[in-house]
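Residue numbers (the working numbering), protein chains in the order written: chain A, 1 to 342; chain B, 1001 to 1342; chain C, 2001 to 2342; chain D, 3001 to 3342.
Hint data in this document are derived by calculation from the structure and do not stem from the laboratory.
These figures come from a predicted structure and were not determined experimentally.
Keep in mind that a hint or two might mislead.
[Claimed, not checked] Derived pair list, reagent style EDC-like, types lysine to aspartate or glutamate, alpha-carbon separation capped at 20 Å:
1) D:LYS3038 x D:GLU3063
2) B:LYS1188 x D:GLU3045
3) C:LYS2038 x A:GLU45
4) D:LYS3124 x D:ASP3216
5) B:LYS1124 x B:GLU1110
6) C:LYS2221 x C:GLU2125
7) D:LYS3038 x B:GLU1189
8) D:LYS3221 x D:ASP3171
9) B:LYS1221 x B:ASP1330
10) D:LYS3188 x B:ASP1036
11) A:LYS188 x C:GLU2189
12) D:LYS3188 x B:GLU1189
13) C:LYS2188 x A:GLU45
14) A:LYS188 x C:ASP2036
15) B:LYS1029 x B:ASP1216
16) B:LYS1188 x D:ASP3036
17) C:LYS2221 x C:ASP2108
18) B:LYS1188 x D:GLU3270
19) B:LYS1221 x B:ASP1105
20) D:LYS3221 x D:ASP3170
21) A:LYS188 x C:GLU2045
22) C:LYS2188 x A:ASP36
23) D:LYS3188 x B:GLU1045
24) B:LYS1038 x D:GLU3189
25) A:LYS38 x C:GLU2189
26) C:LYS2188 x A:GLU189
The chain contents come next:
There are 4 protein chains.
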Amino acid sequence: MTHSVAILGASGYTGAELVRLIATHPGLKVRALSADRKAGMTMAEVFPHLRHIDLPPLQTIDELDFAGIDICFCALPHATSQAVISELPDTLKIVDLSADFRLRDPADYEKWYGKPHAAPALQKEAVYGLTEFYREEIRAARLVAGTGCNAATGQFSLIPPIRAGVIGLDDIVIDMKCGVSGAGRSLKENLLHAELSEGWYAYGTGGGHRHLGEFDQEFSKAAGRPVEVQFTPHLIPGNRGIFAASYVSGEPRAVHAALAEAYADEPFIEVLPLGAIPQTKHVRGSNFVHIGVVAERAAGRTTIFAVIDNLTKGSSGQAIQNANLMLGHDETAGLMLAPLYP
Amino acid sequence: MTHSVAILGASGYTGAELVRLIATHPGLKVRALSADRKAGMTMAEVFPHLRHIDLPPLQTIDELDFAGIDICFCALPHATSQAVISELPDTLKIVDLSADFRLRDPADYEKWYGKPHAAPALQKEAVYGLTEFYREEIRAARLVAGTGCNAATGQFSLIPPIRAGVIGLDDIVIDMKCGVSGAGRSLKENLLHAELSEGWYAYGTGGGHRHLGEFDQEFSKAAGRPVEVQFTPHLIPGNRGIFAASYVSGEPRAVHAALAEAYADEPFIEVLPLGAIPQTKHVRGSNFVHIGVVAERAAGRTTIFAVIDNLTKGSSGQAIQNANLMLGHDETAGLMLAPLYP
Amino acid sequence: MTHSVAILGASGYTGAELVRLIATHPGLKVRALSADRKAGMTMAEVFPHLRHIDLPPLQTIDELDFAGIDICFCALPHATSQAVISELPDTLKIVDLSADFRLRDPADYEKWYGKPHAAPALQKEAVYGLTEFYREEIRAARLVAGTGCNAATGQFSLIPPIRAGVIGLDDIVIDMKCGVSGAGRSLKENLLHAELSEGWYAYGTGGGHRHLGEFDQEFSKAAGRPVEVQFTPHLIPGNRGIFAASYVSGEPRAVHAALAEAYADEPFIEVLPLGAIPQTKHVRGSNFVHIGVVAERAAGRTTIFAVIDNLTKGSSGQAIQNANLMLGHDETAGLMLAPLYP
Amino acid sequence: MTHSVAILGASGYTGAELVRLIATHPGLKVRALSADRKAGMTMAEVFPHLRHIDLPPLQTIDELDFAGIDICFCALPHATSQAVISELPDTLKIVDLSADFRLRDPADYEKWYGKPHAAPALQKEAVYGLTEFYREEIRAARLVAGTGCNAATGQFSLIPPIRAGVIGLDDIVIDMKCGVSGAGRSLKENLLHAELSEGWYAYGTGGGHRHLGEFDQEFSKAAGRPVEVQFTPHLIPGNRGIFAASYVSGEPRAVHAALAEAYADEPFIEVLPLGAIPQTKHVRGSNFVHIGVVAERAAGRTTIFAVIDNLTKGSSGQAIQNANLMLGHDETAGLMLAPLYP
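Could you put together the complete structure from these sequences and hints?
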């Protein structure tokens, strides 16, 4: 059976990634596309790499006809999403890729995003979209909140050992190295090629990165008590990929076992042999996650490495994985593309 | 129906690209893999980005069992291929990705490759593998010779206008800008990241590049008289992609029309509107070709731009497209993956 | 003797490059800096790589005091320059890095820049700043017009063989591969890292690039009759560097001899042995030019390759070289820094 | 006064960097160059970016005449250095850039490098070359051991707060992101452009990186008791630069004050305002170090960021800084070149 898809905010990178992945999905077909400033253009004009695909024109959201649409992916900017989704037919299944519905507690939302939530009822309804940990809830959900890409990478590393009780909870340090596409297609000086290439550095330091809101929420839930990790992302001169190094206390073998066991049946998560190191390029363009565990020289110290492609497993691939569950497709449908290498 | 595939030389980039593409092909299954120095390893060790795929182990060619194999892709180094293929069962369908069978005339082979051909009977049998121009011969062939990646790009640009008689034949200049993966995974100083990134330059200059042998053969055939173009490739700090600028005499509209007409029904070739410029990144990781035509300010001068991914349409994608024809699959099977962007 | 320098438009790449080079110049000292939107900031805030240098604050042009300033470098946007320079004290020596004073004929300016020149008297006074060809005029000039970076690269390749009469004038094709810093620090989508890296393509095609105005002016002057070349620049995923391939008719040895002879005494121009190929990275960050000449397989066909760093020899280095002449310093003062490699 | 320099191992990146820097040094002149496999070639053939500099030919070490040489820079591979230096005239001042003389304790050397030291007397004589902490010893030394580039970056971050007693000593975690030139010009698969670009990952994990030997030695000395940090380097797709994030316990203001005070008079070290983040590109090609300190959200947690160019301050620039002290030149002579940006 083929379901009809609408993509709101199709002119950004996550929108284009949705179209790329859906193009070879056996059960999804794009029927409506919205863009704001680029309404009236074709997708081929905005993203010429998609010109071989037969696609509807870019329209404003107001122009779209949602009759016959089974599922709507919202790839809109943060804050815009909550206003737009409030106006959509409430029978429509929705996967939101913005940050608007990731935090369950309105107070948390206000703390991290600086203003009250505009659609608290929807916020309450939304299911957090990290598939491997919310599979059953997602299957039953109408509105799923895609996770932050950094937030996903950290959780893949740490949720199983936290749940298994094999790592300390008060001295977790996460150091991430992130490709630039996570910042989107926005015109900012620091995203220029001449500024970024051949240089790298930390950003969002000092506990200020908003994905900490997700870490706090999910790690505390997994631990059954408040957990606040330390987190520093870095901008790397590459387009796709997140490499997370999580420095923890705990026995390496126990940590490795907790991860291997938790992910034993997961189709997209590969736990490497103890001591092996993943690389971002080994998952680039794919929905896979590679995880490695290393024993430090100090007794009881372990480092967990995880890699994802921020646009795929960190965003649009995750969204389709969730849509597959919501619509009754095979969870891996359209998502088994191998990474592009080199 | 599923056909069984052997890949010889699976530890190089074209071998890995074959595995990547076949992984989502509905009618092909990899049953045997050879590697020379890396025999005994798994593909996941050599290319960890393929670790989620169930694959046979890497063996030496001598260890392989060809019973039950329907088609063999030879991704071996130049000169090795002709020796190996001579020893393969002569009932096996073969797509060779090396340069060994591209030139039909033994004298041409010796001129460009510096020694006599070791398998002249096979050389005679081989069909030149540029699908769009040899479709019927390939369908009937047992042995198909994959083309040079630069050679393919130049021919996509020039064969239709040459055939249509709309460009001059004696003043064609082709300037190409090539990503580094075309040079393979070999350990050469100029291929190091520290040497290549942030710099670019011409190589194989002065009429010395071996793909000129293919240009001479195919352009002369298309024109019905000898044609010798001028060709200069450049190495660019990027991994995948070839951008060809062909400077010709001829009327822009006539050139554009000849290309648009020739490729009107081609599933992988997109001729852009007159004046539009293709980009390598718009075909990266895909089997597509984008072609643009521009009118120069001087009357009667035209420039033709063409882009391909050297590892896909320039090599492994082309090989699968040919295999599809040889085995009776839909020509586009396994090859409709959209480019990876960004 | 130390001369005092003002830099107008110091917040762009050419402004920063001027500061970098002047920092080790024995006879120049920066005394005034202007920026428009960034007035009020320090140079260390705008360009932290310069924070170890003692510099004046960024001010608006109106706030600057030109008393005591010996020479002013104008690194302002095109069209702004002519308005600003008209208002400067007419005793001030000026090197303008914009396009405003490169074309001597008001009609040519209007043709290429789309509106009449606002300071025709200054336009008449300005000397074209390609040092190697206008050395004596520059020495005596008050106002020197820095050349286009592409225009410089093409002229270094072609002026000597044109003057020597050893190449054909009616079939010159120049294909250039340009780093992105030539486009400046402006916020344009195609300059984003995610858009540019891993892809390359032609731009300004079809005779539309404004540097053709300089080519027409200077090549015609060198030839003593109208010359209109064909020119196609390409954007390359690298920050600094221009690689020019000029395809010409002419005997390779004669072309090589013309270049070698013309540049025999030039401190910044290296003509490589016949057949050798320059690389952009071999001049990156320096004021040097490397030139190579190659014989094509077709008799009477020659290709000339030239490389420069667009920000140094193509802009700010050239500007200082001219200032050295204007102020009586050694021509190479402050400019003998070796390229940065790797 | 001009001193005569010999460089052993001039065909590697640190050799080329020494030549680049010495080219504008007022008091040093290169008089002898050695290379092993490339003996007989000119430096211009091995590194065309240096072709404008008048240099002696590359010879084998045996062919070199050390009469008249004042100082010798040894840029030889690890283990080779100790054998070669033993044979040099013992009146010659030497700066060794290898790892051979960095560890003072023969047992430490054997532990980290896997075999006994071949020149224990020299090992005893050698002074550790981190200029800012061994200035007086270096001034008097005959043999100075250049530090590891990672080791230098970590020490710049941590020695002052360790000495000041403002950070915990038992939970220091250093996460580094390193450009590829630190691995030299060696032909290894993982250093190829196609392998490295667009991907990043950790290496030398689990306490196995040899620079830990230097950290243990120097941090323990600074603390007055054994200190063993946790250290994970990452390979980044860039050529030059190291970014170190050191995660420590301690009050941010006290840490910042310790660093600011320690480096107040240092010509090459810039401590940024509290909360500011350095970038590798802001020191690229220069001898400068930028250091930033950030307060984490957890009370008593601080992160220290430091950047250097591994080939300059991390190796060849540091070597010249030390040579300046050993020869009585101004410590900054030849080293005030501003970074190259962009």
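Against the structure, the hints come out as follows:
no.	hint	result
1	D:LYS3038 x D:GLU3063	holds, 13 Å
2	B:LYS1188 x D:GLU3045	holds, 16 Å
3	C:LYS2038 x A:GLU45	violated, 35 Å
4	D:LYS3124 x D:ASP3216	holds, 18 Å
5	B:LYS1124 x B:GLU1110	holds, 14 Å
6	C:LYS2221 x C:GLU2125	holds, 18 Å
7	D:LYS3038 x B:GLU1189	holds, 13 Å
8	D:LYS3221 x D:ASP3171	holds, 17 Å
9	B:LYS1221 x B:ASP1330	violated, 28 Å
10	D:LYS3188 x B:ASP1036	holds, 18 Å
11	A:LYS188 x C:GLU2189	holds, 9 Å
12	D:LYS3188 x B:GLU1189	holds, 9 Å
13	C:LYS2188 x A:GLU45	holds, 16 Å
14	A:LYS188 x C:ASP2036	holds, 18 Å
15	B:LYS1029 x B:ASP1216	violated, 37 Å
16	B:LYS1188 x D:ASP3036	holds, 18 Å
17	C:LYS2221 x C:ASP2108	holds, 14 Å
18	B:LYS1188 x D:GLU3270	violated, 39 Å
19	B:LYS1221 x B:ASP1105	holds, 13 Å
20	D:LYS3221 x D:ASP3170	holds, 15 Å
21	A:LYS188 x C:GLU2045	holds, 16 Å
22	C:LYS2188 x A:ASP36	holds, 18 Å
23	D:LYS3188 x B:GLU1045	holds, 16 Å
24	B:LYS1038 x D:GLU3189	holds, 13 Å
25	A:LYS38 x C:GLU2189	holds, 13 Å
26	C:LYS2188 x A:GLU189	holds, 9 Å
Of the numbered hints listed earlier, those contradicted by the structure are 3, 9, 15, 18.
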